[in-house]
Each structure stands twice: as structure tokens, then as C-alpha cells.
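Visitor: Below, each chain spelled out in residue letters.
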Amino acid sequence: MRAMTYRGPYKLRVEEKDRPRIEHPNDAIVRVQLAAICGSDLHLYHGMMPDTRIGHTFGHEFIGVVDEVGPSVERLQAGDRVMVPFNIFCGSCWFCARGLYSNCHNVNPNATAVGGIYGYSHTTGGYDGGQAEYVRVPFADVGPTKIPEWMHDEDAVLLTDAAATGYFGAQLGEIAEGDTVVVLGAGPVGLIAAQSAWLMGAGRVIVVDHLAERLEKARSMCHAETLDYDEHDDIVVELKRQTDFLGADVVIEAVGAEADGSCLQHVAGAKLKLQGGSPVALNWAIDGVRKGGTVAVVGAYGPIPSAVKFGDALNKGLTLRMNQTPVKRQWPRMFEHVRNGHLTPRELVTHRFPLEHISEAYHVFSAKLDGCIKPLILPSS
Amino acid sequence: MTDLPTAYVADRARMRETPEQLRARIPGWGVDLDPADRPSHPKLQYAPESTGAHWRFPERQPGSEDRERSIEHAFVTPVFGTAQPLHGASGAIRRLAYERFSEARLAHWMLLIAGDRVDAWGSHLRSLASLRPDNPVTQTGVRAELGADGVSRTGRSDRRHQALDPVLVAGPWVAAAGVAVLGARRLLRR
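Protein chains in written order, with this note's numbering: chain A, 10 to 390; chain B, 0 to 189.
Hints listed in this document are in silico derivations from the structure and should not be mistaken for laboratory results.
Incorrect hints may have been included.
[Claimed, not checked] Example chain A residues on the side facing chain B (calculated, C-beta under 7 angstroms, incomplete): (1) Gly135; (2) Asp137; (3) Pro157; (4) Gly210.
[Claimed, not checked] With a straight-line cut-off of 20 angstroms between C-alpha atoms, the simulated EDC-like cross-links for lysine to aspartate or glutamate are: (5) A:Lys249 x B:Asp10; (6) B:Lys42 x A:Glu183; (7) A:Lys300 x B:Asp10; (8) A:Lys26 x B:Asp133; (9) A:Lys300 x A:Asp243; (10) A:Lys155 x A:Asp76; (11) A:Lys249 x A:Asp239; (12) A:Lys155 x A:Glu142; (13) A:Lys249 x B:Asp2; (14) A:Lys26 x A:Glu365; (15) A:Lys318 x A:Asp243; (16) A:Lys325 x A:Asp296; (17) A:Lys155 x A:Glu77; (18) A:Lys249 x A:Asp296; (19) A:Lys300 x A:Glu183.
Beta carbons are placed, not taken as given, at the ideal position from N, Cα and C, and that holds for glycine.
One chain only, chain B, in its complex shape (with noise of 0.2 angstroms):
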């Protein structure tokens, strides 16, 4: 019965190749062999010395007052991004997600996703009234079709879903056009 699986007996499996054949094979084989010696071990290493932290505490960052934070947080942290503050119709629902719900609730995230999608239409129908419209070709970069290897390639990552992917990214432009148009003809009708 010697040659049973691994798994169904006691021995512990045997390298296939030594540690020599290893060394010779494969460059820096084991330099970091011992497990202590190895940067993240151990995984709290107290060291606060080691930063480059000059306070104890960073002076606080100016503008914190009407900051959103999540209510898991004891305050506006000390310092924060400034990048797109909140705005309009999505700035309400991401503003509601904040100061409502902690991060545990599954409402908190779906909100912030609504208010993304929010973002996202309104932003679109803004650009239409101005001197640089959304262009979903240059923006999706499917230009990069044309090159080589594009649609016909076999290996491509997307290929499982290639068919729903145009219809996804597509379809909210559609559905919208075609808003427009029935909302014209009624108009015109009028």
C-alpha cells in the first residue's frame, strides 16, 4: 500500500526537488526562509518611533466643519480629502448614508451607490448643456478595438460577457435617447 495519496496517510509529503536543486533553479530561493525575519512578522511590531511622525497627534487640516465622516469615526479625522465635495441630489443621498447609517448597514453602501449613480446621470445631462458633452466613444476607450487584436480576440478577459457588456454600458444612453424622443413627440403634439 505504498502508494496511497498524501492525504490518506500519515507521512509528511516529500519535496520534489531538495533545497540545493531549488537554490540552483531559482534566483533568491530561501533568502527569506526564516519566517521571523521577514518584514510583517510580527504583525503588530510597536514601533512609533520608526515613521517619521513628528506629534502625537497631526495638527487638524482647516475646512473640517461640513466634512462628511462616518458616524464610526469619534470625529472629521485630523486630516481628509477635498477632492468633489458633496453636491446636489447625489450629495443628499451620499450626506443621508453618512450621518444615518455606520458602516455595518448594507443601506449605508447602497445608498452611496445610488447617490454614485445619481452623480453619474445627473453629470451626464449637465455636460449635454455644455461646450464638452459626455462622448461615450472617446470616453470608453473602445477605439482600442481597432488595434491588433480587438473584438476577434480569443483570449481576451471579457469574452464570457462580451455580449452583455456593450448592452450594459450602452443601454442607459438608449433608454435615455429614447426617453428624449417620446418626451419630444409628445411635446410637438401639444
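One chain only, chain A, in its complex shape (with noise of 0.2 angstroms):
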């Protein structure tokens, strides 16, 4: 089969790869009709993300057919088209059986601090991910879900992470109503965690990046207040000002390791890995919040220490929530609101490319050229 794979920090190709098996009762082998490069496989492109190795394919977010089940699959049989959470889980683990899906503690025998992930790294669980023509999908009975008939496929594919990661990020910040929320980030996660944040009730979203396309559809898209923060000597004040000195209800970190806004920590982590990455969003939040406020952080971050100002968060008495979103708790609630058009996930897209394709479509998404926000993966074209 044709599948991604990684070269090397910013190196990447297609091979022929063997097609994956049934190695567990509980799998499912599934091809992928439709898959898409996330904000976090970017990290790994990178070479931040520790224990990546050559010849690893990404992809978290898929979704296609069922190609072949193991023996105790009950619930799926080939032909059904499923969409996958990106979060591999069993649904038995002391974890699973509380609802942290993405702790699970029985498919990621490489570290207890993550649960498993496909295509991430041997540090969540050395699967091989969904930019391929086919995918290993473990415990095949908790994890997929076939896709109702009314449901777009772009809709679908968004659910499996970004759109999902948004809805609990506004979750996280614990909105009451008439809240000022401010998100940082005007990607596909950010995006849809301030149209969430107005189904919570918020009085006022504001979302703050730097790229004009991103804040064009935050406007357009989430009826959002925008903020450039290149245009302001220093956001955090600008934030103050904004909310009558008083700081946001609620902030929501959308961004995670690679930010930019400070030259010095994103050559310092993202490219020199002096550190576990570039924590500028995650301390604009903690700075930007009122006291006694919520920080949500949903950017992803990997294992390596990071330079975060954890006194301003004692000190202001905040609330810090954050987790890897437990993907498929928040699917049916989640099914109503893109059925009633209240959250827009395929609003998102502005790239398709052929998974021959995929070297540019990293790069693109990477340096955001050509106005990208989301890219989609055809492997079958």
C-alpha cells in the first residue's frame, strides 16, 4: 500500500509499505478514504516530538471503510464506513471506565503519561496513522463509529480531532454565562472552540492570532471579536484593555508548542529544542485571565520541560484544566450541533491534496502559505 512516511525533521515521502494486520482479536484493518494533517502532526514534522522514527506514518484523523475484523469484533463488519477517534482506547481500563479515553492505560506501552494515538510517535504507542491507504485500528468495538448516512465526510474526518478537541476545549474553561472568553489561535481547534464557547453561553468570544485569513474567519465563521497581536506592542495589555483591566473569564490555549509571537522562544524551543517547544500562548494566557480565572489548554504539548510562568498561575489563583480530548464523549452531543449547522467543522478546509502529494501539503500547512487552514489527505486519488 501507498503510505506517509517520515524522513527526518521536515523530511518526508511516500513508499509502498506491506498493508497492516490483524495482530490483536479486537482489530480492525480499515482503508482510509479521507484523512487530514493536524495542527499536532506538525510537531512531529518537526522533530520535537521525542521518539519519532524513520519510516513512521502520521495521520490521526481518518476516517473509511472497514477492510477486515478480527475474530471478537462484534460490533463493525467490513463495508462499514467509520469514522475513528484519534484517541486509541480500550473501554475496560481504570481510565476508560471513567471516561478518559485519551488516558488509557492498556495500548501505550511506551510511556503512562499519554494514552495511544495513532501515527504519533512510539511515545504514544508506536502505531503506524491514517496518511496511508490503509490503517490498524485497535479495539474496533470501542473506538470507531460508523457515520450516519447524513453526515458530510469533511464534517466526519473534522470530528475525529480538531472539531472535537475545540467543543471540550470550551468545555475545559467551565463557561457560565455572559463570560468573556478569549481564544488564542485562529486554527481548526480555535476556530471551533469559539463558536463552542457561544453555545456555552458566552457573553463575548474574542480570538486573537497574527495571520489575516485566520481572523477573517473568525469573524466570518464564529461571529467573533479579532485581535492581531502583531499589531499591539503587548497582547497581555492589550487584553487588560480590552476587558476593562479586569482579564478574560476564560482563556483557551489552542495553540501548544510551536507558537510564535516571541522570536526568541520559538528559535529557542521549535527549532533548536532547547526546550520541550515555544510556551508563549500557554503564558499569554495565564497572564491574560482574570484573577481566579479558567486557562483551558488544549495545544498540544510533548513530554519536555517547558519555560511556563506557573507563579503568575499561583499567584492569580487560577484554574488550569487541560487533557488530550477524550474523543468519542463528546460525539453524540456533538453529532446534534452539526446537524442544527451550530458548529461548521468543514468550514475549516481550504487544502485537498493526493496523498503523492503529502510533502507539500506539509510544508504549506507548516509555513501557512496559500491561506491555509486545514488540509485534507485523498489517498485514493
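Hints are included, so try docking the two chains, each in its own frame, into the full complex.
Guide: Written as C-alpha cells, this is what we have:
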């Protein structure tokens, strides 16, 4: 089969690989119909995630058709069209039993601090991902869901991570009616977080980024106010001004480990790997939220330490909430929101690349060329 | 003193728009208003019967005997990825990271990063002896720069460090080529 393979930082190519096989009785093999590149894939692409091995196939956002099932699979059969959460989870460990599907303890021997994720290095279990023609899907009775007839494929693929993560981020913010919510980052996750904040009763939603097309999307798709941090000497001061010097009630950090905004931090963390990333957005969140407020973190960070302003968080009495998204827990309600038009994930899609052009897709997405917000990958084109 | 900023007085900040105005302007405003009726509430929601699992503990996947694992785990998990098993020098470095240091130790992660770089360098060298050597032009996707708004685009996200990126990406290749040239010269002199 054809599959994207990692060749080192900033380098990848499409190779011929063996089709995955059933390795556990509850496995399924899915033929991928549509995949996406996630912003967090860029951390792998840039060589920031420890134990990313040469030959690894990325991709944790995908939908497809069940091609084969293991002998213990009861809920799926060959031919079913499924959407697969980015989490690999068993459904039966201490954590899964309590709804923490992203923290499953039975799928990732390489680390206890993170669960299993498709195509996201060996630090998350060593599973090849879905930017390929076929993918192995463990625990087929637990993770995948049949795609509803009415659902658009592009909505379905975005619900496997980006959209679910945005919605989850807004929930982590514990938004109360009338709250001022600031969303840092107008990427796919941030934009859905902004839409979701309204559903939870926000009184104001302010989205911060520095890319004009993304801020325009925040205004048109999310009805949000926007701030371009490049236009302000100090975005934290501007956030204080915008909130009558109180600070935001809730800040949702939807950027993660490769934030721009500080050249020094970016080069030291994202480029020279002198720290676990560039926590600029997280520090802006801590300083921009009001005392006693809540910072919700859904931007992705790796396991290496970063220079986070924890003292400010302590002294301000903040609530910091975060996790990888337990995707399937979000789906029933999100399906309603998508069907009713309250959440519109497929509006995020700007680019569609054949699998054979995936090197260009990563470069365009990484450098944000051509107004790219969300690129999809078409394995069979 | 009615114009004091909100933070300095006890009054609750007033909403700029009423809920009715927001409902009229924003699709779905307030449909998830009740925090107790949101999918992620409460954080711990004990419902093992709802996951689809029909086992108390999953059947163990074969092949775990030599599989590396975090020493914070009691055993190799019953299901695990089998992509890219450990091999060669990078495999030895990674195995040391897993067997010697817990996830709490920075050495664990630094060794894994070192293993990644050794893996990449070794792979590049091996590719040069193969029918499909690594090609930094096609593999970095830089051909996309030839599109409508490539190098000259002012809004691109990497403009702050654009000048440094080629050095970081191409630097190791140039350095390796330099070492190869110097080595070849020395050999020729002999």
C-alpha cells in the first residue's frame, strides 16, 4: 500500500509499505478514504516529539471503510464506513471506565503519561497512522463509530480530532453565561472552540492570532471579535484593556508547543529544541486571564519541560484545565450541533491534497502558505 | 466615580448584549448553557458498560516479549503498536532510555531525542546506498514555495524565523557534504 513515511525533521515521502494486518482479536483494518493533517502533526514533522522513528506513518484524523475485522469484533463488519477517534483506547481500564478515553492505560507501553494515538510517534504507542491507504484500528468495538448517513465526510474527518478538541476546550473553560472568553489561536481547534464558547453562553468571544485569513475566518465563521497580536506591542496589555482591566474570565489556549509571538522562544524551543517547545501562548493565557479565572489548554505539548510562568498562575489563583480530548465522549452532542448547523467543521477546510503530494501539503500547512487553515489528504486519488 | 474600570470595584461586569440579542445573532447561542449537561461533565463519569468493551482485561496481543516499555508500567500493555521496531544504534539508545530512566527523568527524553537524530542520520546514509536516496527537495515540499504566494508572502507564519529555517534544515546536509569532501581529499592524498 502507499503510505506517508517520516524521513527526519522537515522531511517525508510516500513509500510502498506492507498492508497492516490483524494483530489482536479486536483489531480492524480500515481502508482510508479521507485523512487530515493536524496542527499537532507539525510537532512530529518538525522533529519535536521524542521517539519519532524513521519510517513512521503519521495521521490521527481519518475516516474510511472497514476492510477486515478480527475474530472478537462484534459491532463492525467489512464494508462499514467509520470515523475513528484519534485516541486508541480499550474501554475497560480504570481510566476508560471513567470516561478518560484519552488516558487509556492498556494501549501505550512506551509511556504512562499519555494514552495511545494513531501515527503520533512511539511515545504514544508506536502505531502507524492514517495518512496511508490502510490503517490498523485496535479495539474496533470501542473506538470507531459508523458515519451517520446525513453527515458530510469532511465534517466526519474533522470530528475525529480538531472539532472535538475545540468543543472539549470550551468545556474545560467551564464557561458561565456572560463570560468573556479569549481564544488564543485561530487554527481549526481555536475556531471550533470559539463557536463552542457561544453554545455555552459566552457574552464575548475574542480570538487572537496574527494571520489575516484566520482572523477573517474567526469573524465570519465564529462571529468573534479578533485581535492581531502583531498590531499590539504587548497583547496581554491589550487583553486587559479589552476587558476593562479585569482580564478574561476564560482563556482557551489552542496553539500548543510551536507558538509564534516571541522569536526568541520560538527559535529556542521549536527550532533549536533547547526546551520542550515555545510556551508563548500558554504564558499569554496565564497573564491574560483574570484572577480566579480559568485557563483551558488544548494546544499540544510534548513531554519535555518548557518555561511556563507557573508563579503567575499560582498568584492569580487560576484554574488550569487540560487534557487530550476523549473524542468519543463528545460525539453524541456534537453530532446534534453539526446537524443543526451550530458547529460547522467543514468550513475550516481550505486545501485537499492527493497522498502522493503530501510533502507539499505539510510544507504549505507548516508555513501557512496560500491561506491554508486545514488540509485534507486523499489517499485514493 | 462611575467610570472606574471593572477590576477596581465590586460591581459585576455587565454583558454588552442581552441573551436575547446573542440568541438572535449567534446560531445555537446557549444551547449548552447548563454546565452539568455538557458531555465532559463530570470529569470522572463511571460508566464502564457504555464503552463497548466486552472484556474485563483485553486479551494480550502476541509479540510483547522484547517490546520496549516505560518502567512506570507494570508490564507491556495488552495492546501495542508494532510499527518500526527498535534496531541498530538508535535502537540501543532508545532501549537504554526505556530500561534505565522513567518518564519523570529528563535523561529519558533526551536519550530518545538523541536516538531520533541517530536514526535519521543512519537512515539518510543508508538511503544513499539504495535505489531511492533521500531527496531534500522533494521530501521537504519546498516546491510548494513556487506557488502563487510562496517566498514573498508577508503573512506566512514562519517569517520571523524564515532566514534561520534553511540553515537548520540544510545545515546538517552541507556539513555532512563538507566532511565527505574533506575525507575524500585525505584519501586521495594518501
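Visitor: All hints are to be evaluated individually against the structure, with a verdict given for each.
Guide: Checked hints:
Given hint, A:Gly135 at the interface with chain B, holds; its Cβ is 3 angstroms from that chain's nearest Cβ, closer than 7 angstroms. The criterion of a C-beta within 7 angstroms of any C-beta in chain B is met by A:Asp137, whose closest approach is roughly 4 angstroms, and the hint holds. The interface hint given for A:Pro157 is broken, as the beta carbon of that residue sits about 17 angstroms from the closest beta carbon of chain B, more than 7 angstroms. Evaluation of the A:Gly210 hint against chain B yields a held restraint, the C-beta minimum of about 4 angstroms falling below 7 angstroms.
Distance restraint check for A:Lys249 and B:Asp10: the Cα-Cα separation of roughly 17 angstroms lies within the 20 angstroms cut-off, and the hinted pair is therefore satisfied. A threshold of 20 angstroms between alpha carbons decides the hint, and for B:Lys42 with A:Glu183 the separation of about 11 angstroms falls inside it, so the pair holds. Distance hint between A:Lys300 and B:Asp10 is fulfilled; the C-alpha atoms sit about 16 angstroms from each other, no more than 20 angstroms. As the CA atoms of A:Lys26 and B:Asp133 are separated by approximately 17 angstroms, the hinted pair is consistent with the 20 angstroms bound.
Between A:Lys300 and A:Asp243 the CA atoms are separated by roughly 19 angstroms; this keeps the pair inside 20 angstroms, and the hint holds. With a CA separation close to 14 angstroms, the supplied pair A:Lys155 and A:Asp76 stays within the 20 angstroms bound. Restraint check for A:Lys249 and A:Asp239: the C-alpha separation of about 16 angstroms stays at or below 20 angstroms, so the hint holds. The straight-line distance between the Cα atoms of A:Lys155 and A:Glu142 is roughly 19 angstroms, inside the 20 angstroms bound, and the hint therefore holds.
For the suggested pair A:Lys249 and B:Asp2, the alpha carbons sit about 16 angstroms apart, so the restraint of at most 20 angstroms is met. Of the supplied pair hints, the one linking A:Lys26 and A:Glu365 holds, its CA atoms being roughly 14 angstroms apart against a limit of 20 angstroms. At roughly 16 angstroms between alpha-carbon atoms, A:Lys318 and A:Asp243 fall within 20 angstroms of each other, so this suggested pair holds. At most 20 angstroms may separate the alpha-carbon atoms for a hinted pair to count; A:Lys325 and A:Asp296 meet this at roughly 9 angstroms.
The straight-line distance between the Cα atoms of A:Lys155 and A:Glu77 is roughly 15 angstroms, inside the 20 angstroms bound, and the hint therefore holds. Note on A:Lys249 and A:Asp296: the hinted pairing holds, with a Cα-Cα distance of about 9 angstroms set against a maximum of 20 angstroms. A threshold of 20 angstroms between alpha carbons decides the hint, and for A:Lys300 with A:Glu183 the separation of about 15 angstroms falls inside it, so the pair holds.
Checked against the numbered hints listed earlier, the structure breaks hint 3 alone; every other hint is satisfied.
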